[in-house]
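> Same order as they appear, the protein sequences are chains A, B, C and D. Numbered per the working numbering, the first sequence spans residues 1 to 76. Numbered per the working numbering, the second sequence spans residues 1 to 537. Numbered per the working numbering, the third sequence spans residues 1 to 374. Numbered per the working numbering, the fourth sequence spans residues 1 to 391.
It is worth saying that the hints were derived from the structure and are not from the lab. Note that the structure is a prediction, hence the values are computed from the model and not measured. The reader is advised that the hints may include incorrect statements.
[Claimed, not checked] Cut-off 30 Å, straight-line C-alpha distance, at most; resulting in silico cross-link-like pairs (DSSO-like, lysine-lysine):
hint	chain 1	residue 1	chain 2	residue 2
1	A	25	C	66
2	C	66	A	26
3	C	356	B	510
4	A	26	B	471
5	C	214	B	510
6	B	471	C	66
7	C	356	C	213
[Claimed, not checked] Chain D stretches covered by chain B per the calculated footprint, using a threshold of three residues with CB under 8 Å from any CB of chain B:
hint	stretch
8	30 to 36
9	99 to 105
10	355 to 365
Backbone N, C-alpha and C fix where the C-beta goes; we use that ideal spot for every residue, glycine too.
This is what each chain is made of:
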Amino acid sequence: MIIAGVAAMLIGIAALDLPWLIREKKRRELIVYAICLAAVSAYILLYALDVRFVTSLGLLHRFFEKTLGLHYGGFT
Amino acid sequence: MFSFFKKRLRHSQIRKQAAEASRGPSPKPQTPVDASLAKNLHGIKALFGGSEDFVARPFLIRGERKAAICYVDGLVKSGLIHEAILKPFMIDSRLINDMDPFALASMEDVTAAFLVVGEVRAETDLNQAAEMCLNGDVVLFIDKMAEALVVNAKGWEKRAVTDPQTDAVIRGPREGFTESLRTNTALIRRRIKIPELRMDPITLGVRSRTHLCVTYIENVANPALVEEVKRRLHTIDTDAIINSGYVEEFIEDTPLSLFPTIYYTEKPDVVAGKLLEGRVAVITDGTPFVLTMPFLFMENFQSAEDYTVRPPIAFVLRLIRLLSFFISLVTPAFYIALTKYHQELIPTPLLFTMAAISDGLPFPSAVETAIMLAAFELIKEAGIRLPKPVGQAISIVGALVMGQAATQAGLVSAPVVIIVALTAVTSFTSPTVSDVTTILRWFLLVLATVLGGLGITLGLLTILVYLASIKSFSTDYLAPFAPLQTPDILRDTLYRAPLWSMRTRPASLKPFDAIRQKMSKPNFNDNQRPGRGERRR
Amino acid sequence: MNAKSRISGLQFFTVTACFLIGTFLRITSITSVLANDAWVSVFTGAVAYLPFLAVFLGLVKRYPGKSLFEINEAVFGAVAGRILSCVYTYFFTMILTTTLLDMANFIVGFIMPGTPITLVLAAFMVSCVYATRKGLEPLARISALLASGACLVLVVNSLLTVANADTRYLFPMFTLPFLRYVQGTHTTISLYFGESIVFLTLLPMLDTKTDIKKPMIASLLFAVVIAFLAVTREILTLGPLLPYVARPSYETMRIIDIETILTRIESIYAFIMISLTFFKACTLLFASASGIAQITRIESPKPILFPFGAFVVVFALQTYPIVGDFLYWSSNVSPFIFTIIEFILPLLTLLAAWTKGFIGSSQRLHVKKGAVRK
Amino acid sequence: MKSRSFTAYLLSGILLCCFLLTGCTSGAQIDQLAIVMGVGIDKGSAPDNYLVTAQIARPSHVRTANEGGAAQGKPYLDIQQEGKGISMAMYEMMRQMSRRAYLAHNEVIVISEDVAAETILPILDYFIRSLEAKFTVDLVIARGTASGLLAADSNLEQMPAKHLQNLLENQVKNASIEEMPLYKFLSDMLSPGIAPTIPIMELYTDETGIQNARVQGAAVFDGGTLAGTLSAEQTRTLQLVRDKVKSGYINLDAFGSYVSLDITHSKTSVTPRVENGRVIAKIRIRQEYILIDTGVQADITTEDAKAQLERLAAMRLIQSVESLLQDTKAQGLDVCGFGQMAYRKYPRQVEALLETWPEQYKALEVEYDVETVITITGSILRPMAPKGGEQ
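Chain A on its own, in the form it takes in the complex:
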């Protein structure tokens, strides 16, 4: 629940710049805006439904460790 609340707040603050962007008709910023907000809401949705999925960093980690075998022996 907390994560949804906090993310909603972050989007709320992000929306503050919208009126200015719309008035200045900054096409590209609005696209970037949309992508970011879409990604955030997607994450929240999945988190709310507690669907565990692997993010890009996780993929990179698995790729480097399993396929390339490039890792130290985990001395810690």
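Mind docking chains B, C and D on chain A? Use the hints.
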């Protein structure tokens, strides 16, 4: 949701047009001074509409030529009018036998022969003449002469130069500015006796016509800075400038910011010091507070006394002021963070006392501190606003009630009262910053309640970044520290270097002429070693 | 962000120094690998970083005053350049996420157990975005304050712990298997020194032709000294406990026990660390935002900062919910990822730039030859 | 853009604050904490069970500086709970308390002898992992039950836990014991070639019938289990070898009566070396004394008398170190850490020896180089003797 934005956009446009339409009274058309005296008098009386203190006195020059003087009673030195204007025209002109009043063709002959007054100026426009009356001048009309003569006879009741209330000083000059512009400029002139000290006049306020004076030292202050100040002053197009606070708000860099970027002071020696450092001052007629700009964050903690007291003590005084600013900002928040999140920081015996006390307390420490802080603000405001005797009583009663009764009644715990008292005392050390801390304190309080130590750190970092981003007249607000001009840090911020070592002016103000003095360490007592002595001279 | 905000050479030094101190004071992966020889890896790391530095300075000399993304496009043309910039931006976001996660786990794990991690990340991100929206110049200005504050704290802490220090813990030296020293050096190069690739994105903010060679090397040396001081302090106080402790710089603070007042002051030390992480996060946020701005051709990255911040917070929460995986990743797998991006890609860019330069100059030579012959 | 950004900050500030107010955070008011001052650990009934005694301070009963008097009754409260492992015991204990047990101000951990006989590692493991516990908490081994020791009421301090801690600190000041905080014990235990020691305390009933506590030598550990004990005298010599002696005194029988020398300066340095597969340690001790008290009437400030006293003092030092070594060699416990010192100096050669260090320690050879100097004989030059004395 989208319509809401659209409505907001349209609304702001409408408001803008409305502001354009109802512009204030446009300046009156030019009405030339007429040759006939009667018409002139009628015209000027119409302007003043029969207000009781406007005097128009007709008289005869040498008993033959008609003339009249107009002035506002109370603004002029009546003695001067009788001696210097009326007497020569009416009496002395009779003694000169071959004097023909009608031979005076223009005001030049009048000023050349008759008037003994110092400052005179010819004037051709009636409205302008009327305005001169309001400034305390006397306007002379002579029949069959198409111009008026404005004679400077200013002299109204002025407050004497008294001991200033704010930033009192134990050792240092006791003179404070007064409401009259001329006295203030005189006070500064007496401290900087060089012609390069410029006093450029500006009149602002469509209805108040207040006189302002931009003061700077020609080859010291940065010309760009002077230009910038004048440009900003000219942009002011408002109804009235009652006191320097108005000017400050109109021309400061960050209108909505908590931190002041323009300094105001009542002491001429402080203004003189700042002018010599390369700053610009604006003196407003009608207020004893002179504005100096640009103003940096460190100046909050500098006071006039630092330059008269010996350097090490000055360092201690400044350290106390800086620390007390920080303490009054952070203590309430830190107390809450300590009791709520980081109990292990409290030494054990203190923890027992606090635990013992806070057993029967109704409020959690956060709410408790908030209540006490609000109460303290209440009492402080009441203490200031009431006249002197009643004010004292209020603050004493307030302190007693807040302190003793609340603790004994078990409403509030003793540590909270101590913390609030500490915050109160430390917030008064530097006046210009005390109002800033009252607001920021609440901001940090909330953050501390929610996030504890982390909240305070983030709050302080945000404030630091905000301070670093402000500019006061294109000089960085945290000048010697943030952009790291190290020679300045050692000289005049925390540690006030001895006066003989301050060779250059602060670099952050980009002064025109940076060299302040060429002195070196005065050593007068090792003259018995001639070799060293000679070489130095 | 606006064009006229300029940073002077000295400020560049303080920015880089502050960034590097923020990174170096949290050397956990080295101490867990090389127990009491960790200080060696600081020096071997510094020496091994020199080729990195040469590539870095070579790129700067060839394209002065240009940011990393502009260099990519200058060398590889619009499309390929932008793809490379995408990789770099992703890399910067990755460092940003790992720093935030590292800090958040530290706070939630050590100082304020029980606070939900989202709260910490969100509050941190809001203040970071606020600071970055103000542009990089205010940050550059306060970097001097933060850096000197950090050094002061480090010195004071070292003095406090000197009472419990025991020089005999330094011995026996060099008794660990050689592979561990390789891992130590590799981690130092990639995780700590290599992160200075971020400074390539700050170059357009610099005054026109200020030479950045001197401040860059000065700040690296400064960081090495600070790192050495921090690591030796930890070795001297913790001794054999060092490899078993999760956060050595934090644990050394817990050993201070002077009278009854100066005990348990480690949370104050932690907050100083947080302000350094704040500075580092702002710089990284600025770097990745200007990367996105460069790729999508918007003039100033200011408006997209808030949504991007929100994205990073959620991304951080999602990648490593379990602290254990994160610690394992950061000490064992990340060195390889970082080295590739920090060393091999810039090397390729430099080589490409040289070959382009070579072809270019050979044509000019050709023409000249041609002219001479005619 | 300018005005727009200000409203953005304001709103973000307010949003942040009002939203976060609802967040449940880890804050706990002071009156929701049970401040644990001391922890005692005894053997539980079943194996692997521990009987944990937590001494909790009752703030309102503690006599503090503020003028309100402390309520009647003991300022502390002992709560006992048995459980499988420390955490279970603590968890059970919390179920019966109105407040959360707060370990941050815990001064001392008392472990009973029979628990130490098995192993104390699981106990220390709990305390070092816990984030609240102090890293520098002192360890004490109780002869008999730990809860008994914690209940020993003291005349000077308000709480037994505080009393035990101050007692320890006082002993350290006159160099008769070494305070063993948690982190030092673990680092000694982890490094090969040294057997860490923890002070032992025991209860005794003094003449007025009150149960009081006193320090009685030290317990020697071999990797977490109790392996042997040292007497009070031996622990003082151990301090000497570990160069921890700041002050102290030596009592010699010379010239027919006693002579007491006060140690003003003491420096010990141990230099191990390896010869044909065996470790030889060279102990160099340099001490300076002041003659503070003597029963001898004769003038003992003459040169040869002083030389004789110095020789006696040197002999006493060597004997004490020898007796310490004989005892510890019998049990094969390298208390002074010669193995560690040797390993640090010559890691290659000594590494092999360390595997079987208890046996190697038995074959350890020690050379002495003791230098004792009597500087002055207090404020008077010659002992005052009545007129006609036989000077």
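> Against each hint, give a clear statement of whether it holds in the structure.
Hint by hint, here is what the structure shows:
1. Restraint check: the Cα-Cα separation between residue 25 of chain A and residue 66 of chain C comes to about 28 Å, which is no more than 30 Å; the hinted pair holds.
2. At most 30 Å may separate the alpha-carbon atoms for a hinted pair to count; residue 66 of chain C and residue 26 of chain A meet this at roughly 25 Å.
3. A distance of roughly 45 Å separates the Cα atoms of residue 356 of chain C and residue 510 of chain B; the hinted pair therefore is violated under the 30 Å criterion.
4. Note on residue 26 of chain A and residue 471 of chain B: the hinted pairing holds, with a Cα-Cα distance of about 29 Å set against a maximum of 30 Å.
5. A hinted pair counts as satisfied when its Cα atoms are at most 30 Å apart, and residue 214 of chain C with residue 510 of chain B qualifies at roughly 26 Å.
6. At most 30 Å may separate the alpha-carbon atoms for a hinted pair to count; residue 471 of chain B and residue 66 of chain C meet this at roughly 27 Å.
7. Using a Cα cut-off of 30 Å, the hinted pair residue 356 of chain C and residue 213 of chain C holds, with the two alpha carbons roughly 24 Å apart.
8. Only when three residues or more bring their CB closer than 8 Å to a CB of chain B does the claim for the stretch 30 to 36 of chain D stand; here the count is 4, and the claim holds.
9. Using a Cβ-Cβ cut-off of 8 Å, 3 residues of the stretch 99 to 105 of chain D lie near chain B, which meets the minimum of three, so the contact claim holds.
10. Coverage of the stretch 355 to 365 of chain D by chain B is violated. Counting CB-CB distances below 8 Å, 0 residues qualify, and the rule asks for three or more.
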